[in-house]
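Asker: Given chain A, put chains B and C in place with the hints provided.
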Amino acid sequence: MAGKGGANPATYSPSPTIQKKKAPLFKEDWVRPDGRGFHQCRPAFFRTGAVNAASGSAYAEFGNTKVIVSVFGPRESKKAMMYSDTGRLNCNVSFTTFATPVRGQGSDHKEYTAMLHKALEGAIILESFPKTTVDVFALVLESSGSDLPVVISCASLALADAGIMMYDLVASVSVSCVSKNLVIDPIFEEENYQDGSLMITCMPSRYEITQLTVTGEWSTPKINEGMQLCLDACAKLAKIMRSCLKEAASDSKE
Amino acid sequence: MVGLSLGEQHFIQGGIAQDLRCDGRKRLAYRPISVETGVIPQANGSARVRMGATDVIASVKAELGKPSLLQPNKGKVSIYIDCSSTAEPAFEGRGGDELSAELSTALQRCLLGGKSGAGAGIDLSSLVVIDGKICWDLYIDGLVVFSDGNLLDALGAAIKAALSNTGIPRVHVAAGASSDEKPEIDVSDEEFLQFDTSAVPVIITLTKVGKHYIVDATSEEESQMSSAVSISVNRQRCICGITKRGGAGLDPSIILDMISVAQHVSEQLINKLDSEIASAEAGDDDES
Amino acid sequence: MEYVSPEGLRLDGRRPMEMRQIRAEIGAVSKADGSAVFEMGNTKVIAAVYGPRQVQNKSQQMNDQALVRCEYSMANFSTGDRMRKPKGDRRSTEISLVIRQTMEASILTHLMPHSQIDIFVQVLQADGGTRSACINAATLALADAGIPMRDLVTSCSAGYLNSTPLLDLNYVEDSAGGADVTLGILPKLDKVTLLQMDSKLPIDILENVMQLAIEGCKAVANYIREILLENTKQLEFRRGV
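Protein chains in written order, with full-length UniProt numbering: chain A, 1 to 254; chain B, 1 to 288; chain C, 1 to 241.
There's no promise every hint is true.
[Stated by the list, open to error] If you want the ones that stay clear, here's a sample from chain A, every Cβ over 12 Å from chain B, calculated: (1) Val31; (2) Arg32; (3) Arg42; (4) Phe72; (5) Arg75; (6) Ala99; (7) Glu121; (8) Glu142; (9) Gly163; (10) Met165; (11) Ser250.
[Said to hold, decoys possible] In silico contact screen, one side only, chain C against chain B (beta carbon under 10 Å); selected entries: (12) Ser30; (13) Arg69; (14) Ser73; (15) Asn76; (16) Asp81; (17) Arg82; (18) Glu104; (19) Ala105; (20) Leu124; (21) Asn231.
I should point out that these hints are in silico values taken from the structure, not numbers from a laboratory. All values derive from a computational prediction rather than experimental measurement. Backbone N, C-alpha and C define an ideal beta-carbon position, used for all residues, glycine too.
Okay, chain A solo, but in the shape it has when bound:
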């Protein structure tokens, strides 16, 4: 993450890259703005243990999308809550004020929060911690497309880091449909011009889908193609996540 303008003088000068680009044209033979192939994901980087105070945490970086998730608990449920013989999952997704190109409000994202909750609750063995609550707090440091899939994958890694019992790691990938092409792991510009999107959250080793959303118009063969693309990518992503966990475990042994 070196500064981009290393050669520039230390005075203020508006960087030419910030200027608004024209809307990308998605014609017959377009190339993705970052030069990837249509079915190529961004390089994924995971690191556990990003927050010391939390029981578990993870940092994920997919291209320019940067997310940090911390997990607290399991801790005693609030007194006001009724007795429950399964654990409770409490999620929250928020954005930093500087996450988006236009300075945002940095507020909570209710929709993502609900989606994250639904994606994770099926994977966690809630029976293993009755009467208690696990908090999952996700913060999107920089938003640059496919935020929610990154948040979900990162959250499952943080849960694993916290030692919460899960059936499997949860990996999530989305594809966008941009002018007849299916592009995997879309970036912000592509998401803005997409005709439809499909997001899959799955547990790759169990081959189960925990969450699925589709928008836009899709024909049946296209859905099949999109789902297969996502599932393959999820399997690959899970391998990366698993190796990251192994690395962290072997580091701590030494």
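Answerer: For chains B and C alone, kept in the frame of chain A given last:
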């Protein structure tokens, strides 16, 4: 909340496994649907849909507004759902907010299509009055009067019915106004334009109980679900949106199977709904 | 502005002492313990009653009487201009309180200690007189739920515009700024349980206006009684008595 004893739970699950549900329906049969249009005279369009005991009202209001800078040639549509506390005492105060938000986003996802507007049930470009200056803002409000399961399907049907009941006033633009001036417009209160609602998809929720899935689940059946998938399908049998509820994981092949079942069921539902809407509209015209 | 024409007709064509058309229906919400729809002209409200049942919040439980709770909410599409209001704004809190107090006065709460009764009213269309319509709907719903009451509370509004007392104001007349008296009575016991008034009126005129509102309430009471009787007959028929 539905409180069911263990025996009742087994009875519901067993019935579904044997393709004979508590109310005598088969797994893929809907409850009787009744549609009433024009229930809210103050709105541009409205409809009340009942599926069994589930009772919802949808209204469409059109207001003149300014198109967003990013999409100057498109109108705006927003969908809000409100869960009335008459439906369930638990919705009192802020109790219904969570469900309202969930239903609103699911409907937006299913009816409004992708970001570029492809696959949307409502043609947004038809809402523009003057490019980049004036457009119609459609506010679709749903109200859950009583909930006995399958709210999403009922709301989707109510919105479809309300849209076909909607008349947007014709707007005359004064000719000769220069481009930077505020254009003069004249909203007609006699001429109304009808919506083309043939592209509006229907939503079909398949609720998985045990090994099987059912359509149009009642709230008792919903309490036994492991997961539910809501699929919106249009007349061309294309998928316009999917949302999944419930935490349990599903095998991808099951989801694909659900999609094909939903496509099959959609045909009957669309035809049923269209005939109900048409008869409701005809009855409405007779009265007025 | 002229609210009463020289011929003695109001904006919507009614006579000053004429009510809007009222219509009621019992059992609109199938699984509630009691429910009703009440329409006064274009004003349309739904009421649902749940209870008597166990008190949910133990700290509110009362050992000598039932706890009555009420929530009033307006649908987003109920008014002419669409607005999105959060639940529980000041106006709805106030109306909830008014309805609760009015209904509490007629319910025999001492017969149902340790229990709670919830009244939910939802305005589908607002065209003046929502308060009255809500109270009438709530009465019907309570009766439908079989909750013991001293009497049927009924309510009606009356106003004073262009030096004429007017019965059952609609939205335009309501927002004209004249006096607006909302009255709730127990018609059989001939007692007033609710009286609210905006702006000012000379005392002798208030008497006239109140008398008019009382007449209105009694007319509503007669109608409600008819509806209930009809409903009971139907129930009787269905049971085959």
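Asker: What are the numbers of the hints the structure violates, in ascending order?
Answerer: Going through the list in order, the structure violates hints 7, 18, 19 and 21 and respects the others.
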